[in-house]
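All chains, please: the whole structure from these sequences, using the hints.
Heads up: the protein sequence lines correspond to chains A and B, in order. Under UniProt numbering, think of the first position of the first sequence as 1, with each following residue one higher. Under UniProt numbering, think of the first position of the second sequence as 1, with each following residue one higher.
Hints in this document: simulated from the structure, not taken from any laboratory. One thing to keep in mind: the hints can contain errors.
Stated by the list, open to error - Coverage of chain A stretches by chain B, computed from C-beta distances (three or more under 8 Å per stretch; other residues unrestricted):
id : region
1  : 35 to 45
2  : 128 to 136
Said to hold, decoys possible - Straight-line C-alpha distance at most 35 Å; calculated DSBU-like pairs for lysine-lysine:
id : chain 1 : residue 1 : chain 2 : residue 2
3  : A       : K70       : B       : K233
4  : A       : K33       : B       : K24
5  : A       : K168      : A       : K33
6  : B       : K24       : B       : K454
7  : B       : K233      : A       : K168
All values derive from a computational prediction rather than experimental measurement. Glycine included, C-beta positions come from ideal geometry on N, C-alpha and C.
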Amino acid sequence: MALAVPTRKAPTGTPDDAPVFSVDGLWKVFGPKAARIPEDPELAALPAAELRERTGCTAAVRDVGFDVRKGEVFVVMGLSGSGKSTLVRCLTRLIEPTTGSIAIDGEDVRAMDRARLRELRRHRAAMVFQHFGLLPHRTVLDNIAYGLEIQGVGRAERRERAADFVAKVGLEGLEQRRPSQLSGGQRQRVGLARALAVDPEVLLFDEPFSALDPLIRRDMQEEVVRLHREEGRTMVFITHDLSEALKLGDRIALMRDGRIVQLGTPEEIVGSPADDYVRAFVRDVPREQVMTVRSAMRAASAQETEDGPAVSPDATVSEAIEAVARTGSPARVMDHGRCLGVVDHERLLGVVAGTEPGAIAGAEQGAVAGSEQYAVAGTEQGAVDGAGRNAAAATGQDIAAGTEPGAVTGTEQAKGVV
Amino acid sequence: MATLTATAPKAKLPGLLRHRAVGKLLLLAAVAAVLVPLAHGRWASGAWPHALTVDLSKPLASASNWVIDNRDSHPLFLYFFGYVSNAVVLSVRAVYLVLLAAGWAGVTAAAALLAWRAAGARLALGTAAAFLACGLLGMWVPTMQTLALMVVAVLVSVLLGALLGLAAGLSDRTFRALRPVLDTMQVLPAFAYLLPVVLVFGIGVPAAVLATVVYAAPPMARLTALGLRGADKEVLEAVESLGTTARQRLVTARLPLARREMLLGLNQTIMMALSMAVIASVIGAGGLGDRVYQALASVDVGAALAAGIPIVLLAVVLDRVTGAAGAEGERPGGRAGWAYAAVATVAVALAARLAGRLEWPGAWTVPIAEPVNRAVDWMTAHLYSGVPYVGGTADWAAHFTTWILDPVRAGLQWLPWWSVLLVVAALAWLIGTWRTALTAVLAMAATGVLGVWKPSLDTLSQVLAAVAVTLVLGFATGIAAARSDRFERLLRPVLDVFQTMPQFVYLIPVVALFGVGRAPAVAAAVVYALPAVVRITAQGLRQVDPAALESARSLGATSAQQLRQVQLPLARPALLLAVNQGVVLVLAVVIIGGLVGGGALGYDVVFGLAQGDLATGLVAGAAIVCLGLMLDRVTQPTERRAKKGA
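Written out as structure tokens, the structure is:
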């Protein structure tokens, strides 16, 4: 899994309390008499292969629950066959769930009648598809206006409104083309504009960029980041690409065999994998680009709080490495003029090398509580030892990357943050 | 070394196949060992035992008499068939009058402009030329009669087909129920459809139109259903995710997505309707087909050709125009273009009317019947027989009859009846499943039960001879076309034209060359089936995985080795399909060959129609259906055929 530098977007501001989507105990079982599987605890516990053998059923989604907060990008990630695409289709009942509850803004989706469900699909949740799902016999403009047409918006008005979105996704001049005359990236821009044109509350993305070339994919990811920054729309994003998940997600739900094995921020997933599966998954992630200094800092001694470069607690470790390498002294983690702690080269190397067990565990609470109680005592010794051993190996590639005069990595963000 | 590597997997596969085949044959032999002595002991005779036949002629005759007696009084006829019949007559009459009122200039202009809108300027010119040629040959009125019948039949077929297709496309259950029926209808010879409609409607235009509808609607239904079902699932899902109602989905997504298939269905329906409208001259369709029929009855090749050429021109024009309409692409001008076309048509029609030139001017006809007949006479005198060394065409026909057709027929009829069934069972089972084998055996046995065992075997012998010739020629040409691009380029337009011509037309040249009898019927069948076989073979060989071919080449296989060891085995499904198509198409024409002295079942149908002896005709028709079913099942590989090749 080659992970190209995931240019992390800034975390979304404090999420609202009321969730947009609230999913609980959701099951989707395909096969004969599917409803009995979730009800029977013995069957429900069977592994996929055995379940298929005994009942002829496939459980695509098993007992899944999560909340999507307003304004966040919620990523569901997993390999193919993990049930993530089924899950996102259950949200608007494109696939009818077997059991469980889904609520949008507190309203029960499973109890909706057909008219109400259409209303939900027309105005509240719009979806972007892996293979675009465009109508080949319509022009770009009419494809984008299609959602409005379905809602009964008049021809002149919907074309006018669609034209705004043509510009928004950068397709000016291509309005009269047919989808077959566009490149893959352009087609997905049409798909995106079509979803945006109905002004939905939530955007659902089903592996939208998997079918695109790597360079185009990066453009499109940045497009999504930009749209999110500009509009702050809630997004549910399905992907099998870890770097994409880390780059876009405020929170990530990692799925395996229909279950969520871990749900957390990118930092939590990378920093403290819940099990061996997740650990294997994130092993090759460049940790310094995901982990923040908040989780890497230690308590500052009295004189350390006074000088040294300042970094924000949400800055990535790689940004801190650059600051430390440039000045040669530990960096202070400053939050609104208050020094929360410091990161020195040993700490930073520890993150890069992944030899800092437990540091993360306290990160959330510790950081919230304040720098004084930040628990480092127990692990300090071991961590430093580990870091020291691995430092030799790590130094060559990782440190150099950030400090070489010509190296671009991380410099841009560092400028923005420091 | 190279050959070793290449043959190793191949040697294994047929080995396995042989094992399974041997198993099937052994089982069949065991069953036969029990049943045959029993059957033989009880009904020992070479032909189908008389005790096992059911004489249907009496009940059928009484049924047909009942229909004739009650046609004017029974409520079923008064309130249903009567209305259907009247509606058909009225609408054909109305279309015919409109065509006459537009005059030859108006019709030609309308056709050309329609072609221009649908397919561009070149085809518009071709269309105009074709219509003018019909007039020049003195066939304007019959052409309009055929066209009027076609218009009504095609409209009804398309409507019916689209509705059935819509139902089958949207509902799985309807699809499962409809599909085997449509599949079977497509393998039955056109002749089989004639008699049931005649029984109900009597000979005349309504029967002709309805037979045409029944024959031509299946492709439309089938392709509409396939188009609706084949739509990109993700597009439909995307459309649904935007909150469409079922109706919106159908109108804005499903139907437009199925456009290509539906236009292909329209094309096939039109071609089949033309083919049937011509054949239906036997049951009173009138028009061009009738002229050919009358001319063939008196072996007047010149007159037959004069009516046959317009049929061919009509077929080619209709096929190209509807084909081009399906091939995508906006014509310039949009709606305004259609308006201009309509205005121009009306203007031309009015101008012709004011000038008093509605009918095709008699002075403008070119009588070709006379010179053609002179040429045929010359041929008869010089090429028919006694040409030194090569012999004459009639000699060939006679030789073919004595040396091939007669022995095959004699052999088939000499075989004990149960052994014929056994052979059918073995063939069908080897290539398909026990289900297909059972259907085939039952169908074959049904011909015996109907009491037409002998004529059925006669027809079968002609089919076998024609299929053998077709396959030898077709495979050879197909292989050549697959190996040489230049040859294929030369061949393509020829195949295109030959595949669009209605079956009936093929009878004209063979009568000119070979006279009447069984040999000409076989020759017509070969010519009719050949293009499809060549095309399927060539395509199948060309679609062989290039990687497999490349790897064989990289191992140093000679081109003969490549063909034998890679291309032919990998193209096996295509070759089997070619055999199946060949058999189905040959049967259709061998039956029609009854019109030119082919005898057997086809003759029974024609005789039944001509003498008003519907019972004989109906029995023969049922036997044709059985024979068609049997031949299709015997040659049908396990997976269903994709679509009709012709």
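Status of the hints after comparison with the structure:
no.	hint	result
1	35 to 45	violated (count 0)
2	128 to 136	holds (count 8)
3	A:K70 - B:K233	holds, 31 Å
4	A:K33 - B:K24	violated, 38 Å
5	A:K168 - A:K33	violated, 47 Å
6	B:K24 - B:K454	holds, 29 Å
7	B:K233 - A:K168	holds, 28 Å
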